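Protein sequence lines correspond, in order, to chains A and B.
By the count of UniProt numbering, the first sequence reaches residue 191 at its end, each step adding exactly one.
By the count of UniProt numbering, the second sequence reaches residue 191 at its end, each step adding exactly one.
No lab work stands behind these hints: they were computed from the structure.
In this text, all values refer to a predicted model and were calculated from it rather than measured experimentally.
A couple of the hints might just be wrong.
Unchecked claim - Listed below are several chain B residues computed to face chain A (Cβ distance under 7 Å; list not exhaustive):
#, residue
1, THR68
2, TRP78
3, VAL82
4, TYR88
5, GLU90
6, THR134
7, ALA145
Beta carbons are placed, not taken as given, at the ideal position from N, Cα and C, and that holds for glycine.
One-letter residues, chain by chain:
Protein chains: 2
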Amino acid sequence: MHDDEPEAAVLRLGHRPGRDDRMTTHVGLTARALGADRVWFPDNAGQSLETVADITDRFGGPFEADLTDSPKALLREWDGRVVHLTMYGERVQDVETEIRRAHRDDGEPVLIVVGSEKVPFDVYELADWNVGVTNQPHSEVAGLAVFLDRLFEGEELEAEWEDADRRVVPMETGKRVESPDETGTEASDDG
Amino acid sequence: MHDDEPEAAVLRLGHRPGRDDRMTTHVGLTARALGADRVWFPDNAGQSLETVADITDRFGGPFEADLTDSPKALLREWDGRVVHLTMYGERVQDVETEIRRAHRDDGEPVLIVVGSEKVPFDVYELADWNVGVTNQPHSEVAGLAVFLDRLFEGEELEAEWEDADRRVVPMETGKRVESPDETGTEASDDG
């Protein structure tokens with residue numbers, strides 16, 4: 001997670017344009033907001049890439065988003081550990097300590113693989129850990145979020161964002177968005 | 001979270017049929033998988049309701065999914081505390097202890113409100129807490145997932161499911177789905 005920590009990257013595997021656009025975008029935005037350093041999307045997910053790049057421009061980084069035309073090669077050649085999130089995997093509460101130890105103590109980069117529909121069997125075999133955030137069907141975005149929050153033990157929530165045009169100021173009630181350089185407040189049109 | 005705990009319910013506010021179908025469905029499935037007792041969807045989200053009910057039939061409960069034609073009335077008349085998840089709210093790490101105390105120690109039911117696009121201002125005012133899982137734009141599904149995992153302090157991952165037709169057996173590699181009554185294994189066609 002940034003600075004002196006080994007890399008944590010997210011690979012979105014599989015994307016059906018149209019149907020998966022928002023899920024793929026949310027995988028990317030969740031990766032960014034919850035402490036990953038970068039995301040790779042399949043090369044037919046250019047729209048998701050644009051959205052994530054635009055959010056990074058406005059709300060800050062560091063965060064890299066890229067397309068890949070060979071996710072399998074990326075996976076095979078990854079110089080570090082691979083975690084595949086799947087409802088069929090080992091329980092996250094049983095393996096998170098071991099994964100954290102590899103990542104934070106042993107300094108190994110971690111690639112977190114998030115599938116869409118059917119994930120080919122060799123991904124299960126290539127992964128160092130197949131991990132279930134519950135063994136129930138729910139959402140790859142939810143699974144990624146809980147996994148990152150546990151991998152970083154909540155420290156990702158304290159991140160400082162660089163080169164942001166705007167910063168949301170936490171409030172009990174209402175919305176407040178500031179420019180980091182100024183004391184000015186702007187109205188927001190976000191939901 | 002089930003049994004002797006006060007209720008935790010999720011209210012999905014706003015739904016645009018077509019565009020929001022999968023996000024709304026994932027809000028419901030995440031609520032179920034991560035320990036909430038029920039979800040309400042807007043009454044134009046019947047398709048999401050069907051999917052969540054079908055998953056509950058197959059993978060077990062208890063979990064209730066319903067439509068509401070008056071989410072605002074439900075919110076106003078809720079007999080307990082209201083948490084509204086929003087990127088403009090107070091930082092989850094700053095308020096989670098207080099919310100957990102109200103819910104688990106004082107036994108107050110909690111209604112967790114998850115918006116889609118623009119949330120009306122009176123929702124911010126009706127909420128006991130406006131809570132940001134980061135003050136970054138990402139995903140309402142991710143925010144809900146991290147919030148529930150923190151509210152229940154991971155205990156939701158140990159849930160036992162009742163009346164399930166099938167149960168996924170956590171595995172290091174591969175997929176295994178069993179019928180809870182038998183020792184038989186069936187092939188899965190889930191992704």
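Status of each hint after checking the structure:
1. THR68: Since chain A brings no Cβ nearer than about 20 Å to THR68 of chain B, farther than 7 Å, the hint is violated.
2. TRP78: violated, 17 Å
3. VAL82: This interface hint is violated because 12 Å lies over the 7 Å limit.
4. TYR88: holds, 4 Å
5. GLU90: Because about 5 Å separates GLU90 of chain B from the closest Cβ in chain A, which is inside the 7 Å limit, the hint holds.
6. THR134: Holds. Min distance 5 Å.
7. ALA145: holds, 4 Å
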